[in-house]
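Protein chains: 2
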Amino acid sequence: MKKHNYSAGPCILPQEVFEKSAQAVLDFNHSGLSLLEISHRSKDFVAVMEEARALVLELLGLEGKGYQALFLQGGASLEFLMVPYNLMKVDGKAAYLDTGTWANNAIKEAKLFGETVVVASSKEQNYNHIPTDYTIPTDASYFHCTSNNTIFGTQMKSFPKTDVPVVCDMSSDIFSRSLDFSQFDLIYAGAQKNMGAAGATLVVVKEEILGKSGRTIPSILDYEKHIKAESMYNTPAVFAVYTCLLTLQWLKNQGGIAAIEKVNEAKANLLYSEIDRNPLFIGTANPADRSFMNATFLLVNPEHQETFDKMWKAAGISGLPGHRSVGGYRASMYNALPLESVQVLVDVMKELEVVYNNQSQLAEK
Amino acid sequence: MKKHNYSAGPCILPQEVFEKSAQAVLDFNHSGLSLLEISHRSKDFVAVMEEARALVLELLGLEGKGYQALFLQGGASLEFLMVPYNLMKVDGKAAYLDTGTWANNAIKEAKLFGETVVVASSKEQNYNHIPTDYTIPTDASYFHCTSNNTIFGTQMKSFPKTDVPVVCDMSSDIFSRSLDFSQFDLIYAGAQKNMGAAGATLVVVKEEILGKSGRTIPSILDYEKHIKAESMYNTPAVFAVYTCLLTLQWLKNQGGIAAIEKVNEAKANLLYSEIDRNPLFIGTANPADRSFMNATFLLVNPEHQETFDKMWKAAGISGLPGHRSVGGYRASMYNALPLESVQVLVDVMKELEVVYNNQSQLAEK
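Protein chains in written order, with full-length UniProt numbering: chain A, 1 to 365; chain B, 1 to 365.
Don't read these hints as lab results, they were simulated from the structure.
Worth double-checking, as some hints may not be accurate.
Copies of one chain are not kept apart here, so a pair can be met inside one copy or by any two copies together.
Mimicking SDA-like on lysine to any residue, the simulated pairs with C-alpha atoms at most 25 Å apart in a straight line are [stated by the list, open to error]: (1) Lys-43 <-> Lys-310; (2) Lys-43 <-> Glu-306; (3) Lys-252 <-> Val-354; (4) Lys-93 <-> Glu-261; (5) Lys-350 <-> Pro-14; (6) Lys-43 <-> Phe-308; (7) Lys-228 <-> Asn-278; (8) Lys-252 <-> Pro-287; (9) Lys-350 <-> Leu-299; (10) Lys-225 <-> Ser-325; (11) Lys-262 <-> Asp-309.
Remember, predicted model here, so these are calculated numbers, not experimental data.
So here's chain A without its partners, still in its complex pose (with noise of 0.2 Å):
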């Protein structure tokens, strides 16, 4: 029976990138060679390195605009780390917006780089919003917000107009939408929702915000010693770099971001919809918040649960369950997750309706 797969990362990705990296894996260009055992200083490995971080400067619309994209490895959490390291002046400050566990983590480790103002945060109340109204201080060496909240399902719509280099993780919703992209300085996202297998993290960084930190920089961990070395400082994950590659050119070939968003927003409406019509489900963000790429939703009746459960796993859904942060369920729907997987966990949801009433109507016989 054919998955519907929701897994929040690592995830879905389409079809034609697990067959390609296979193949590779196996016979790499034809060479008699496996991916895998060729010099990531080989001809045939540089060109996949190269350009794959010209697509993404491409896909962003950010080329000649003084952008380098890197694919590096360790993640976003290695990342928390790299941007203070690299952005955070001795004796200055930055500002976090905290919209979720991930923001929190990042937040942590600037703390032991300075001061680190929080300007707002939505953990009060189970990071179910994104917050609004703050204010950045312009002293700050940069302001660092998270576009996408997998674990709560929020999504940040808009992003504040600031004087200071704005810095965004966006593992989760990277590719996803259209935005202009130019007015971030510093992008950065693990491969493993939109882009990727897991070991790869893409920085897409604006060169002129690098090099005034004050800091000296551990090599492994300076933007500018990759960006010089294009993005061969030290052996890259060569197996998750050609994923993100054979990723980004299907990408091109759908239409690009723009194509790709109006899938995501048939995907989101459909289940969006039928949470609010539903009146056995209830979803746990704010609604002018809710995310594209992760939906979270509880049912009204927990009683309900095993019902649900057999039901979804029976129409070949898997990955489900919600973060144990959150509870209830999370409908991931990254770009490659078919709008008809979507419309399965919709029927379910639907049938889970019909067999309430019917024990409903019994029950009242």
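Given chain A, put chain B in place with the hints provided.
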């Protein structure tokens, strides 16, 4: 034609690792899902991580001896930073043996943290040997060495006895030879030589040496946090870790380190015997310090290069040119390279001698 892959890393892995990992990308454990699209916290992947960590300790003979194995990211280059962050005491010092480019890079990062004593260096002789006459300060927080030097073709055959914790970068010879691994307190290694695909970094650490530096360690760099999280502090490089498991399983099936060591000795003896016998070639490393993983050698007469290069390429050999800092040739003979491939290279070297002898005889006539 069959390829004989002498790449220095990423490098040849067992054929079954390519086949099984490619299959997992298409359908992992008959789940109907790709290895790349399942949660790293799924039962199936947690089992991969646990088995890989346990196999590391089993193969190294370190079970039940207070060690933990971790699969992290960032390569040895990130370990150059993590080691002093975790181990160098505030106001303390560290001792380093400088045997090559990577040792040197490790020293550079350590210097950011405190006094870094280079107990000996072979840099002046272009790292052609392993220094033996040195003293490790008894008040050092740790002693750091590099067991095998990929670029210069040297390898430590013994390790100093010392009361300070011994840290060893084994990136290019781990799992290749029998050692008393309990003489080391911390071993690290990038996966991409003897262990698996690039993107995973193995760290084996004796727990009792941790938590003593007095430093505030960023979470993502803190070995204790990674141990507590069972090597899942953040999303690991899933695919790379899986290839490590497959390679470790293969090694165990070969008979473990003791069995592969015999194969590696046979390969190294075959090649070094020819380098020493054949008047057209000369080795670059001090014979007593020759690496059994990477044999570096030169043509006595550089005019033979064009002919030799054509001949080994025609024989299906790839990855033979030496690193730019040494020149000549480098034959990397990692665990998965079969003896047969070394025989093919040796045959080409013998053939070159015949060609040359014939040319000399013709010239004399």
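Hints and how they fare:
Within a single copy, Lys-43 and Lys-310 get their C-alpha atoms only as close as 51 Å, which misses the 25 Å cut-off; across copies the closest is 19 Å, which meets it. Within a single copy, Lys-43 and Glu-306 get their C-alpha atoms only as close as 54 Å, which misses the 25 Å cut-off; across copies the closest is 20 Å, which meets it. Taking CA atoms no more than 25 Å apart as the test, Lys-252 paired with Val-354 passes in neither setting, with 41 Å inside one copy and 55 Å between copies. Within a single copy, Lys-93 and Glu-261 get their C-alpha atoms no closer than 35 Å, and across copies no closer than 54 Å, so neither meets the 25 Å cut-off.
Proximity of Lys-350 to Pro-14 under the C-alpha cut-off of 25 Å is found in neither arrangement, the shortest distances being 28 Å within a copy and 50 Å between copies. With identical chains, the CA atoms of Lys-43 and Phe-308 are at most 25 Å apart between copies only, with a shortest distance of 22 Å across copies and 52 Å within one. For the identical chains of this complex, Lys-228 and Asn-278 are neighbours neither inside a copy (55 Å) nor across copies (42 Å), given an alpha-carbon limit of 25 Å. For the homomeric pair Lys-252 and Pro-287, neither the shortest alpha-carbon distance inside one copy (31 Å) nor that between copies (54 Å) is at most 25 Å.
Taking the closest pair of Cα atoms, Lys-350 and Leu-299 come within 25 Å of each other only inside a single copy of the chain (13 Å); across copies the shortest separation is 76 Å, beyond that limit. Taking identical chains as interchangeable, the C-alpha atoms of Lys-225 and Ser-325 lie at most 25 Å apart only when they sit on different chains, with a minimum of 20 Å there against 38 Å within one chain. In this homomeric assembly, Lys-262 and Asp-309 never come within 25 Å of each other (Cα to Cα): the closest approach is 30 Å inside a single copy and 54 Å across copies.
Going down the numbered hints, you'll see the structure goes against 3, 4, 5, 7, 8, 11, while the others check out.
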